[in-house]
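Asks: The lines below spell out each chain.
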Amino acid sequence: MSHSISSISAAVRQDFPILHQSIHGKHPLVYLDNAASTQRPTAVLEAMDNCYRRDYSNVHRGIHELSERSTAQYEAARQTLADFVGARDAAEIIFTSGTTAALNLVAHAWSAAVLQPGDEILLTMLEHHSNIVPWQQAAARHGARVVFAPIGHHGSFDLVEWQKCFTPRTRLVSFAAVSNVLGYRLPIEPMVSYAKERGVTVVLDAAQAVPHEPIHFENLGVDFAAFSGHKLLGPTGIGVLYGRRQWLERIPPFLGGGSMISGVTTSGFTPGELPAKFEAGTPPIVEAIGLAAAVRYLSDIGLDQIAEHEKSLARRARERLTQIRGIAFLHREREVASGIVSFHVPGVSAQDIAVLLDCKGIAVRAGHHCTMPLHDFLGVPASVRASFYLYNTAEEVDYFGDRLQETIERLSA
Amino acid sequence: MNKIKFPPTLNELLIEFADLPDWDERYELLIDLGKQLPPIPDEFETDENLVRGCMSNVWLVAEFTDAPARRINVKADSDSLIIKGLIVVLMAIFNGRTPEEIVTTDETKVFGQLGLDRHLSPQRRNGLFAMVKRIKQLAMERIAGALGPKTPDPAS
Chain A
2 MSHSISSISA AVRQDFPILH QSIHGKHPLV YLDNAASTQR PTAVLEAMDN CYRRDYSNVH
62 RGIHELSERS TAQYEAARQT LADFVGARDA AEIIFTSGTT AALNLVAHAW SAAVLQPGDE
122 ILLTMLEHHS NIVPWQQAAA RHGARVVFAP IGHHGSFDLV EWQKCFTPRT RLVSFAAVSN
182 VLGYRLPIEP MVSYAKERGV TVVLDAAQAV PHEPIHFENL GVDFAAFSGH KLLGPTGIGV
242 LYGRRQWLER IPPFLGGGSM ISGVTTSGFT PGELPAKFEA GTPPIVEAIG LAAAVRYLSD
302 IGLDQIAEHE KSLARRARER LTQIRGIAFL HREREVASGI VSFHVPGVSA QDIAVLLDCK
362 GIAVRAGHHC TMPLHDFLGV PASVRASFYL YNTAEEVDYF GDRLQETIER LSA
Chain B
3 MNKIKFPPTL NELLIEFADL PDWDERYELL IDLGKQLPPI PDEFETDENL VRGCMSNVWL
63 VAEFTDAPAR RINVKADSDS LIIKGLIVVL MAIFNGRTPE EIVTTDETKV FGQLGLDRHL
123 SPQRRNGLFA MVKRIKQLAM ERIAGALGPK TPDPAS
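Those protein sequences? They're chains A and B, same order as listed.
Here the first sequence stands for residues 2 to 414, where the numbers follow my numbering.
Here the second sequence stands for residues 3 to 158, where the numbers follow my numbering.
It should be emphasised that the hints constitute simulated quantities derived from the structure, not laboratory data.
Please read all numbers here as calculations on a predicted model, not as lab measurements.
We put the beta carbon where it would ideally sit given N, CA and C, even for glycine.
Be aware that a few hints might be false.
Below 20 Å or equal to it, Euclidean Cα-Cα: the simulated EDC-like pairs (lysine to aspartate or glutamate) are [claimed, not checked]:
{"id": "1", "chain 1": "A", "residue 1": "361", "chain 2": "B", "residue 2": "26"}
{"id": "2", "chain 1": "B", "residue 1": "37", "chain 2": "B", "residue 2": "18"}
{"id": "3", "chain 1": "A", "residue 1": "27", "chain 2": "B", "residue 2": "18"}
To spell it out: a stretch of chain B is covered by chain A in this simulated footprint if at least three of its residues, at any positions, have a beta carbon under 8 Å from a beta carbon of chain A; those stretches are [to be verified]:
{"id": "4", "stretch": "21-29"}
{"id": "5", "stretch": "79-85"}
So these bits of chain B aren't anywhere near chain A, every CB distance computed over 12 Å [to be verified]:
{"id": "6", "residue": "59"}
{"id": "7", "residue": "66"}
{"id": "8", "residue": "68"}
{"id": "9", "residue": "148"}
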């Protein structure tokens with residue numbers, strides 16, 4: 002492990018108050034459940050606290066001073082997010098409650114505008130349930146079909162197999178930029194080109210990518226993308242739907258209510274301009290301000306550096322875990338592309354492993370991680386996932402490896 | 003840790019768990035108990051007997067002996083050793099009990115005395131809560147069946 006890499010976590014750990022505690026009264030917390038949700042630095046907590054204490058009011062409505070301040074901060078947050086993910090203009094950033102809500106929005110509204118009976122939506126076998134179920138619902142509403150592109154039995158993604166799933170009826174593809182279980186990045190660029198050449202709409206589930214790598218949606222050429230705040234040091238209850246302006250103008254609103262209209266009469270309504278059209282009701286104002294603070298915090302450190310740090314921790318973990326008898330990685334290739342390491346131990350319950358690691362202060366995730374089709378496909382009932390972020394250290398990885406070895410020996414004996 | 007005789011009675015479990023202030027040690031005992039729980043035959047691993055948890059599955063078969071004794075016999079299995087240990091605890095609490103005794107058993111209190119209460123909540127999706135619910139449901143059906151006219155089991 003290089004010196005510069007170790008120094009990131011050393012420098013940032015003091016910014017995260019929650020990390021400095023003992024679990025069960027005696028073990029320092031080792032938080033390795035970052036792919037599920039991350040922790041917040043003081044900068045985010047203070048940004049939200051300051052808004053509530055000094056500046057808070059509803060946005061876009063009042064003409065009073067507090068409403069002006071909240072509106073200015075909320076819209077500045079939108080611009081910060083637009084710059085962060087490479088949107089052409091801030092109106093292409095729709096604040097939602099998270100990735101799930103963003104994907105539901107696009108699945109509902111895009112399908113209402115485009116989807117015809119017999120059309121096909123192409124997903125992949127490794128998708129999170131939130132990038133499956135909304136499409137199944139949309140397909141059921143419009144008489145369309147959801148197609149799952151297989152992956153390799155060693156867990157690797159197969160671009161050619163995916164391409165073979167295209168038919169003249171394929172209207173939309175949606176896929177994870179980075180798998181929340183297998184941890185690798187899908188070949189987004191060739192996938193987007195292939196779909197665009199065929200006039201197929203592209204939706205990117207970027208929940209596991211935006212927190213961990215520099216990304217530019219406009220340059221990638223995707224039509225829509227979704228991600229969550231809580232996976233990138235931000236608050237819960239906020240996420241983003243990115244959509245190209247032409248699409249956001251073409252598709253109908255999803256939720257109806259206040260703010261999203263330009264006019265309402267007893268006989269109907271006229272949708273408002275972007276982005277208001279898709280933000281019915283009081284939006285997550287303070288959450289947006291917190292999310293912008295999180296984005297600034299990440300940008301100050303640098304996502305390139307964070308990505309390298311996570312990968313070096315994941316590499317170290319895989320090297321250590323390879324020495325433990327019985328461990329099988331869900332993605333068997335050696336190349337590490339993110340801070341996610343998932344494995345199972347045939348004959349040993351993933352839940353038992355997670356429970357016993359918790360006794361040692363280590364937080365990992367056990368189960369199917371909202372990817373039941375993937376687990377069924379791989380023939381693995383449940384797996385354990387450790388996921389690293391900028392505040393994790395090499396020492397934590399070593400502690401995790403040692404405790405894991407003891408745990409598996411204890412459960413196998 | 004001393005080997006506890008298998009299957010243990012509830013009293014024996016209360017004595018064993020009383021000396022274990024630590025979660026780590028309680029899990030050690032549960033794992034030890036779980037390893038001794040005999041697997042149920044494959045034919046019982048059906049969807050009907052499946053109690054689904056988020057992270058592990060449990061198969062539960064509960065039968066009452068015929069009247070007049072009407073004593074319950076619970077058999078269960080799981081892919082998790084910790085859950086299997088908790089099944090041993092459930093068996094110690096309920097096996098050999100009548101439907102009337104089962105519905106009046108305060109299992110929350112017993113789990114509290116054992117120091118295992120954090121496992122017994124609907125929020126812990128480990129299947130234990132669902133197992134208790136199913137056992138109590140069967141006992142209530144049995145009581146209702148004994149009181150009223152002979153009717154077919156509504157669950158069948």
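Asks: It remains to establish, for every hint, whether it holds in the given structure.
Replies: Verification of the supplied hints:
no., hint, result
1, 361/A - 26/B, "holds, 8 Å"
2, 37/B - 18/B, "holds, 17 Å"
3, 27/A - 18/B, "violated, 23 Å"
4, 21-29, "holds (count 4)"
5, 79-85, "holds (count 6)"
6, 59, "violated, 8 Å"
7, 66, "holds, 30 Å"
8, 68, "holds, 36 Å"
9, 148, "holds, 38 Å"
Comparing the model with each earlier hint shows violations of hints 3, 6; every other hint is respected.
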